[in-house]
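Novice: Residue numbers (my numbering), protein chains in the order written: chain A, 7 to 379; chain B, 551 to 853; chain C, 26 to 523.
Derived by calculation from the structure, the hints in this document are not laboratory data.
As the structure is a computational prediction, the values presented were derived from the model and not from experiment.
In this text, a Cβ means the ideal position worked out from N, Cα and C, and glycines have one as well.
A couple of the hints might just be wrong.
Stated by the list, open to error - List time: in silico EDC-like cross-link candidates among lysine to aspartate or glutamate, alpha-carbon distance up to 16 Å:
{"id": "1", "chain 1": "A", "residue 1": "K177", "chain 2": "A", "residue 2": "D299"}
{"id": "2", "chain 1": "B", "residue 1": "K847", "chain 2": "A", "residue 2": "E366"}
{"id": "3", "chain 1": "C", "residue 1": "K291", "chain 2": "C", "residue 2": "E317"}
{"id": "4", "chain 1": "C", "residue 1": "K91", "chain 2": "C", "residue 2": "E31"}
{"id": "5", "chain 1": "C", "residue 1": "K362", "chain 2": "A", "residue 2": "E257"}
What the hints assert, rightly or not - Where chain B lies over chain A, by a calculated footprint (3+ residues, C-beta under 8 Å):
{"id": "6", "stretch": "19-33"}
{"id": "7", "stretch": "146-153"}
{"id": "8", "stretch": "303-316"}
{"id": "9", "stretch": "340-351"}
{"id": "10", "stretch": "365-371"}
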Amino acid sequence: MNLKSLWPSLLSRVLPPVLAVACAVVLGMLIVLALRLNPFAVASEVFTTASMPPVGLRDDVGYVLAYATPLIFSGLAVAVAFRAGLFNIGGMGQIMIGSLCCGLVGWKLAALPMLLLIPAAIAVAAAGGALWGAIAGALKAWRGSHEVIITIMLNFVAVALTDWLANGPWKDPHGMAAQLPAIAPHARLARLGTYPVAAEGTPPSLGLPIPGYVPVNLALPIALLLAAAVWVWLWRTTAGYEHRAVGHNPEASRAAGISVKRVTLRAMALSGALAGISASDLVLGYKHTFRQDDAMGYAGQAFVGIAVSLMGQNHPVGIVFAALLFGALQHTGVLLKTIPKDLILILQAAVILFVICGNEIFRRLLARRVRPA
Amino acid sequence: MSALFTLETAAGTLNAAAPLILAALAGVVCERSGVVNIALEGIMLCAAFTGVAVTHALSPAGAAHASAWAPWAGVAAAAAAAVAVALLHGVVSIHVRANQIISGVAINILAVGLTQFLCYLVFKSSSNSAVVASLPRWGAGAFRYSPLVWFAFAAIPLVHLLLYRTVFGLRLRAVGEHPTAADTLGIRPVRVRYAAVALSGALAGLGGAALASDVSQFVQNMTAGRGYIALAAMIFGKWTPCGAAAACFLFAFADNAQIALQEKIPPQFAQSIPYLLTILVLAGFVGKARAPEALGKPYAKTD
Amino acid sequence: MPSAVEMIGIEKRFPRVVANHDVNFSVEEGEIHALVGENGAGKSTLMKVLYGLYAPDGGTVRVFGKEMREFSPAAAIAAGIGMVHQHFMLVPTLTVAENVMLGMEPRRGPFFARGRAETEVGALSEKYGLRVDPGARIEELSVGLEQRVEILKVLARGARILILDEPTAVLTPQEVEDLYATLRSLKAQGKTVIFITHKLKEVRAITDRLTVLRRGATVGTVASAETSQEQIAEMMVGRPVSLRVEKTAAMPTAPVLEVRHLCAEKLNDVTLEVRAGEILGIAGVEGNGQSELLECLSGLREAESGEVVLGGEDLSAAGPPAWFRAGLAVIPEDRLKRGLVGDYSVADNLVLGRHRLPRYTSTGFVRAGARDADAEELIRRFDVRPPEKSVEARSLSGGNQQKVIIARELSRVPRFLLAAHPTRGVDIGAIEFIHKAIVAERDRGVGVLLVSAELSEVMALSDRIAVMYGGRIVGVVSAASADEKSLGLLMAGGKAAS
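Work out the full structure: start from the sequences and follow the hints.
Specialist: Right, dumping it as structure tokens:
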């Protein structure tokens, strides 16, 4: 392969996200300076807090991983749709529906043994998310409705629907809030960390050197496996080949005999399924029940998933790194003392804006370079 | 059913409709020029906070002793802040020609972070501000509203006139449908779009100010999806000012009626009506909504 | 009195081609002057120079005796030139008056003086006999009326010279008559009209003089009335071209493709037959239904009525997969739009459409080994350069992109090959290669349907030639007996000289 021709395209893919992060860091420093504070003092304060005994950095690593987990799921969801030329902005609704389905299975099918119950709960969560995504996909493929507006609307419908169901017949009689009864104890996914004393009622844990109260759990390896699976599916399977072909050039795909409608439907369903599987983290690994307000806060991370996917240039490997970066950013927010943690949201938004502008500017620069040839 | 059409429901409906109307009109103005505006939610939120913060800053002795013009200055500041945020969206969408939808999403995230950040700095709490002086109430009986509510109703015919009767409106619609044709006749699509985006920001900003002035304070994420409902109303109203406003009244009524209907229909269903109707419209099952032809397509002369 | 337009020694070069070379063109005030020539003869380029869309690389342009120093549409409009583009520049949701007045609106304060605009447009349309309701919305109008609005737009801006780019291409015969009436009335009021066309009948019907361009150069200017259609056709097409393709006589057998009474958009009762082992060429000026015919013959467009049979199977309502199963291979009209995924590698493009074959997929996975091995083989056999299977198809030259498509399509081992403009935008070396490949398929017993805007290509490659005009097949001749003059006449809508 000709390296000279590879360089510009590789650079154009890696440089915008890196520059975007650099710009966001500068922006963050400027904001801190504007508050008449020393950015380096703030940074050292974050590190001092982070490495405080007795747990030191192990606690922080755990939290970064915990924050990164949902971002990998929703980042993958956005990327899969993007690769077929679609924009799934409905991750929030798909996570809500998936989580409700997950909590329902974990509670109602408690009679199943663990090795059946956990896969069943995850599969039904995926199916719920897939269904919610497929509505938008079907309307796009057969009615030509714009998937962006449809998925935004479906977000609100999903929130109302889960709120109604978690308040209605399935409501936990002992709970104050809109929530389902807890899932069966053996439906819980193991935490990665270690409990100093494994008391009654603590979730199972794997015993890694992370404090057990940090909610990072087996959903993280599930997310990493899914990232690998998405990569394999997109670039190694015939279906993935068709998927990306439609994303690049639907017209040529149709002329080659690929059903663009079917690919569109499948893309949105898969994207929704990936978002829905976040429920394994929220319901099975973290809260151990479906609770409306928790789920809404968690599902809101789907919007950050858009940023993660963009940062990772819609590539599973890039998404994992971007999710870790954003996870670290969110955890930093928690450690901030002298500055409101909302600074993190500002920087996340700034990164998105910087990336889309950077991509566009690079694309134009490249086009200018290539044209005279 | 008689409980549905009480004076209270009517009064509440009009009050709830006003911010929606301003935001929906903002959406109409922006999208008819060809620029997608998902950022309405964030623009409103920024305006709501700015209005409250400026009113607060101008009332050193607290809400009770504020001078009469402080809340008015707050409204002006709210509109100005909204225009600034809208122009940020404008630069990204019109000048850089980046994806307008993603820009809108990013601005909505930005607005949540920025307002809470500043709220903490000004009021030492990121969840809500102090109570500030509010605008006077105009009207009679159950229908005593902030002037911004009355302005919202007046804005419906005004925006209609602007779009369909003025030279600017004619050019705006031409640019949203066929920018190349407009360009060949000496109209600069980029300039028209910037103007539309700025005006859209001002309208949405007044919507945000109306929201804050209703409760005399800023509460975190107080728009609570109203920007998206406005977007739904705009589509349901087929991108026309009168249609969008009518949809706002319908949606506000559904929201207010849920209190009266609570016994019979789950309130969540009433809440979903705007979204379900919009999905049906977009799917072509109820009427047919036609978006401006050049919507979401950046205009570049040389490409 | 100076001429309305004088263009002397115009030179316009593009990166790969010379579009205009030493072109001289002059139009007297008050005449209707036709600019004729085949596709790619340089007519549009010349007019874009006149309208200021291109700056010439050499030569002089004078309008009413004044030399043009600046080349921009604004300068052209100021000099009194107006252009009616082939693709209309109208805003469909606005009214006629709004479209005409856009950018120079009559005002009352900030308001658009709609009444005054409509009166003005009404008066203008009355004056030139361009009847159209100023209050009607563009989207409600027929194409003929839309064209009137375009002409009104130009007149409202004070044009004294009107350029019409193939104005009759989109019109019905009745609308053509109305347009002629309009042009005569414009002429009567002293306007000058330049009329780009390649239809000989209308040249003689409406114009005073005509200038013929061929391959970027002026052939000559003659008085329309004193020149026969045959003479114009000869000027357009020129002497026999040197394009030669080595091939033996065809030995056609049974029909492969049978099209009977096919009707669809722009297609009007098309009947034709392609036999195994022959090349049927379709000659015709672009826009006469060839694109629609190609779509109907590859599953991209459903027939409204009639039969389309490939290998004994009626496929008039079938999609692309059924067509490929029945033995179709396609070289599409627009490579990057229909033929290739530009962002995909050459290897990935070489299996596009064949990726579901057991050779290239097993249990859902791509068989990369088979794909790459076949890609290398095809790249060598079809001489794709650079010989790299992993470069993006977009980065190849036009000729090499075309080779990738041909390599892929021929590896389907088709029984019917649909070749649309197979050498368009392709370098000389590749042209010969592509022609040889097509003839080799014919000799293998494949039925070939060739559509090309290059008459010389159709004549060199085909065994039989069908001429398409106005969505119909207006004549079928054997290639051996065809001559350019009579074909040119048929293509231009004239009668065959028998």
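Novice: When the structure is checked against the list of hints, which entries are broken? Sort them ascending.
Specialist: Hint check: 6 fails alone, others pass.
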